[in-house]
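2 protein chains.
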Amino acid sequence: MTEQSQHSKDREQTSGVDVNVDALALLFDALDKNDAGAGAAALADLHAADAADVIEQLPSDQLKQLAKTIPSVFSGEVLSELSDDLLEDVVEDLDAKTVADAIGELESDDAVQVVEDLDDDFRAEVLDEVDPKSRVALEHSLSFNEDSVGRLMQREFIALPKFFTAKQAVNAIREMPKEQLPEIFYEIYVVDPSYRPIGKIALSALLRAENQVKLKDLMTDLQVLVTQETDKEDAAYLFEKYDLPSSPVTDDFGRLVGMLTMDDMVEVMQDEHTEDLLALAGVSEAGVGDRVLDVVLGRAPWLLVNLATAILASMVISIFEGSMEKVIALAVLMPIVASMGGNAATQGLTVTVRALAMREITAVNARRIIWRETLAGFVHGLLFAIIMAIIVLIWFQSLTLAMVIASAMVVNHIVAGSAGVLVPLGLKRLNADPAVASSVFVTTVTDVVGFFVFLGLAALVLSN
Amino acid sequence: MTEQSQHSKDREQTSGVDVNVDALALLFDALDKNDAGAGAAALADLHAADAADVIEQLPSDQLKQLAKTIPSVFSGEVLSELSDDLLEDVVEDLDAKTVADAIGELESDDAVQVVEDLDDDFRAEVLDEVDPKSRVALEHSLSFNEDSVGRLMQREFIALPKFFTAKQAVNAIREMPKEQLPEIFYEIYVVDPSYRPIGKIALSALLRAENQVKLKDLMTDLQVLVTQETDKEDAAYLFEKYDLPSSPVTDDFGRLVGMLTMDDMVEVMQDEHTEDLLALAGVSEAGVGDRVLDVVLGRAPWLLVNLATAILASMVISIFEGSMEKVIALAVLMPIVASMGGNAATQGLTVTVRALAMREITAVNARRIIWRETLAGFVHGLLFAIIMAIIVLIWFQSLTLAMVIASAMVVNHIVAGSAGVLVPLGLKRLNADPAVASSVFVTTVTDVVGFFVFLGLAALVLSN
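First to last, the protein sequences are chains D and X. To get the numbering used here, take the position in the first sequence, counting from 1, and add 6. To get the numbering used here, take the position in the second sequence, counting from 1, and add 6.
I should point out that these hints are in silico values taken from the structure, not numbers from a laboratory. These numbers were taken from a predicted model, which means no experiment stands behind them. Hints are not guaranteed to be accurate.
Pairs involving identical chains hold if they fit within one copy or between any two copies, as the list cannot separate such chains.
Cut-off 30 Å, straight-line C-alpha distance, at most; resulting in silico cross-link-like pairs (DSS-like, lysine-lysine) [claimed, not checked]:
{"id": "1", "residue 1": "K220", "residue 2": "K39"}
{"id": "2", "residue 1": "K184", "residue 2": "K74"}
{"id": "3", "residue 1": "K332", "residue 2": "K222"}
{"id": "4", "residue 1": "K173", "residue 2": "K184"}
{"id": "5", "residue 1": "K168", "residue 2": "K184"}
{"id": "6", "residue 1": "K103", "residue 2": "K220"}
{"id": "7", "residue 1": "K70", "residue 2": "K184"}
{"id": "8", "residue 1": "K103", "residue 2": "K70"}
{"id": "9", "residue 1": "K434", "residue 2": "K168"}
{"id": "10", "residue 1": "K139", "residue 2": "K173"}
{"id": "11", "residue 1": "K103", "residue 2": "K184"}
{"id": "12", "residue 1": "K222", "residue 2": "K74"}
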């Protein structure tokens, strides 16, 4: 960022990749001294996104204090930039009037984002304070499923008939009253007489068009049609795939009712990534402002499940207490079999979950991928079985033990390979999230199989 | 998608969330029969993004066959939509002239994406076939670090002086020759006399502006300044944070040299997510078209590292062979201590890696987060120690064993909590990728500590 500083010192202080640490320090200080003026001043000159970033750094006690003592920092823009979990916390400590006023500044899509996270009673209070027209629009948006496009779209867009000329279109846009106009738009939509979108025109194309060209000759294909009921993650995927800057949204009758824009879709993508990543690790929710209690509660459920599966694995081990007492090396070596299987399975699982998220696995290639993963498991199993057999031969000077661990590793790697791909595909087929619970499930399988096969084989060989 | 089918049957067949399975089946069939005409026809009516999706489903043998027998399907647009790993494979089997022609259809940023993945010799051949002007531009782009914005920007953009009126600006845009103009643009940039960007104007604002308004009165703040050397992930983060549709790119002297657009940044974000997710699971590279050998080689390195760490853990266990022989229950219970620690550490690690990717951890809050994670580890440790102590009391009727496992679990959870946050933060501070290697490192720590503390405590107690 050295080049920037040469001609834009001011800007450098207010925006950038990293959180504005100076503003954060000032805010901390102000909250410490209970100085509302200084607190407001710390955030005053920041872009809303930067102010939200700073606020997100606060631990929840200070966040509460900020909401109670300096509610004015929570403008509509700042609220809409806050992460969802933080928003819930903050808004509880603001009064309904403050929230309603903040929402009033926002476009319809951003307003819904703020309102949807409120608890029911408080939401009703806030809606009472909002002007009647916006209230009806908000209530309509809220009537859609929270994962649907209906929640995310804005009701401001530009739709013109196909027989308009470019000149007429530009004039129509110029004369449109400001409150009907989207704050920013990249495309206009061309509609048929029953208000169904039939094409789109990039503003860059409209701007360059000859005055007399008809919109129907300027418009391009819509590529995709998104309805109010479309899943938001599907919509985000379509935006990414077709590089869309915006998309019209239709109702059940195909009539144009709203517009989605890329910036909202990017947020959906980010949320999806975070969900997948956390789900794979068994974390239900996480935010940087979480307290210890949030952390403990957000992760305890999966740790409890893991405790149960670990005990299950121990019960498998205890079946073979007799063998282990005879050959203590079994106890020494058994974690290796389980650990290798668990890791291999997690690798395959992660690749599969990612491929599912990217819509890369289809009915046509699923069988090939299952077969590929199973075969790769077999090859990994062979490879590491050979290495491990040599190590065991040197370490324990027992060919029997070497053969036992090698066989167990081959079996467990095959199981790991197929479980890593079958579990997420199975969950997907059951319409469950392929990332949730699959880690625990898959590693339970590899632990149990690993211990059982290794100790079981040893028991068989030893009893002869 | 039922609503769509009512008025757009054709479109439904050519685009959507899922891969076009019909086209894929036709393509498979055509390749099977070695029928080039049918193969080309299978993809002919598809959007480039859909054609690329279909092609990405092919296993690598068929992909090779496609490249050799029907090179015409690899238009510039299709090539630029293919994933990077696939692109490398495909291009090897095309000849330089085909690739050069395909590139000729593309804008400068997309052309670079294709060329940068070629190996050096073949790239030189391709560049020889490209027209001299494009070649110079491509070579200049390639001179930038592959992670920098210089690689991703396009050289087509619109820059106008601040004293222009809106009318003059629109006329200038209309009269610009097509080859200088970006295919699509959402904003124009305002430059000072030394060609430094000083503001931007959304096309929607320009379109609505009065004819005589000066650009300097229309323009808004740039929010961020991106240079050719800016890291592409930093740029993507800025696009997301400030909801930017595009951004000017400057050289070292602050002069406007290019433009970044949102669609390229979305791709950077997706790549970053995939990298983080795969790195956390210890997978170096993965694509849906990978062969068994790719899978084996892409995952073997981390499995090998895991084997080494598992052996290390076994060596720790073997120190306590004597204690285990006396009390075989130790062997039965020890995996529980290690497994719980490993899972808790992975949870904390994943949350930390995600927070780092979202730029949420700063110098100001790092200490609080380290403390929070350690404390949460302690609470989890206490909680599960109590549960486990009760279970061991019932199972083995030994208060000593119950106390030993409870103490070991508390210690290992504290270690897990702090390791989960300290390891990625440490890697970040060393300018390494916090996701790579941290999983293996963290679980090694919890395995070794888990076994050592549990068995060590047991040995101490048993020797008394």
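How the hints compare with the structure:
1. K220 x K39: neither (64 Å within a copy, 47 Å between copies)
2. K184 x K74: neither (34 Å within a copy, 56 Å between copies)
3. K332 x K222: Classified as neither: same-chain Cα gap 85 Å, cross-chain 87 Å, threshold 30 Å.
4. K173 x K184: both (20 Å within a copy, 21 Å between copies)
5. K168 x K184: both (23 Å within a copy, 25 Å between copies)
6. K103 x K220: For K103 and K220, the Cα distance exceeds 30 Å both inside one copy (48 Å) and across copies (40 Å).
7. K70 x K184: Answer is neither; intra-copy 36 Å and inter-copy 56 Å both fail.
8. K103 x K70: within (18 Å within a copy, 64 Å between copies)
9. K434 x K168: neither (42 Å within a copy, 55 Å between copies)
10. K139 x K173: Neither. Shortest intra-copy (32 Å) and inter-copy (36 Å) distances fail the 30 Å Cα cut-off.
11. K103 x K184: Within one copy only: 25 Å inside a chain, 53 Å across chains, cut-off 30 Å.
12. K222 x K74: For K222 and K74, neither the intra-copy (55 Å) nor the inter-copy (41 Å) Cα distance is at most 30 Å.
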